[in-house]
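Student: Each chain, written out:
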Amino acid sequence: MAETSNIQTLTVEASTEHLAKVRNFVAAHAEQIGLDQKDVSEIRLAVDEAYTNIIKHAYKNDAKMNVNIEIGSNGEQLWISLMDEGKSFDPSSYNEPDLMQRIKEKKRGGMGVYLIRKLMDQVQYNRTGHTNEIRMVKKL
Amino acid sequence: MKNFSIATRQKQNVSILDIKGELDAHTASHLENALKSLIDEENYSIVVNCSGLDYIASAGLGVFMAYIEDVRSLGGDIKLTNMNDRVYNVFDLLGFPTLYDILRDEEEALESFEN
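Protein chains in written order, with the working numbering: chain P, 1 to 140; chain B, 141 to 255.
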């Protein structure tokens, strides 16, 4: 069994003003366990996209709501979970973005999930009761 | 907003936006307002100098997506320059280099507007 290392948690209100704090929180953990700058950058971006999606889609910019973030690692992997109690996300509704099409239709957004999947090795969505969880894993 | 700043300057007939710091869903509106002002003032030849840009998330890329068609249809372009490797990588992951003019430096961008 892999040894369990430190798990850290952060609870923040669902507001873009906390984005930098959330990114720095996960980056600090990733740096602490010795990840290189490329991996740290990818983790920062993945958590940014996941948290931004919760703010915009799960909570519709209601900053009174909270997001719980957990980051942990063992010898084999680093994982980040974000939990909210907003509108659920249907992962089957996700498509790889067609950039040209989006530009023509003047749509923006919809790129976050694609980026997360590119940046992380594993992404899972769960809904338990009223809680949505996105769990992102990077193999070490 | 402490972690993002933007300044506009003019070189020949080209408007240059110098962006610095971190561009995310919180700071993207600054870039959006700056681009909107340029377009409202009929400046359609735009260079975004990213030399001070440390970080970009998809919300930042969304701003470039929202205005490129309008600017091009008015005979201009939005060209991006001086990106560091980490920032370029995000543009690359989303396929931007095939649709946007991403150049090494400002001089190259100014030259390409002349041609």
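Bear in mind the hints are in silico, worked out from the structure with no lab data behind them.
Misleading hints may appear alongside valid ones.
[As the list claims (entries may be wrong)] 30 Å max Cα-Cα, derived DSBU-like pairs, lysine-lysine:
(1) B/176 x P/38
(2) B/151 x P/56
(3) B/160 x P/106
(4) P/56 x B/160
(5) P/138 x P/104
(6) B/151 x P/60
(7) P/21 x B/151
(8) P/139 x B/176
[Claimed, not checked] A few chain P residues that don't get close to chain B, going by computed Cβ distances all over 10 Å:
(9) 16
(10) 32
(11) 37
(12) 41
(13) 52
(14) 66
(15) 70
(16) 100
(17) 107
(18) 109
(19) 114
(20) 130
(21) 132
C-beta: ideal position from N, C-alpha, C; glycine also.
Student: Okay, which hints does this one fail, numbers in order?
Tutor: Numbers 1, 2, 5, 6, 7, 8, 9, 11, 12, 13, 16, 17, 18, 19, in rising order.
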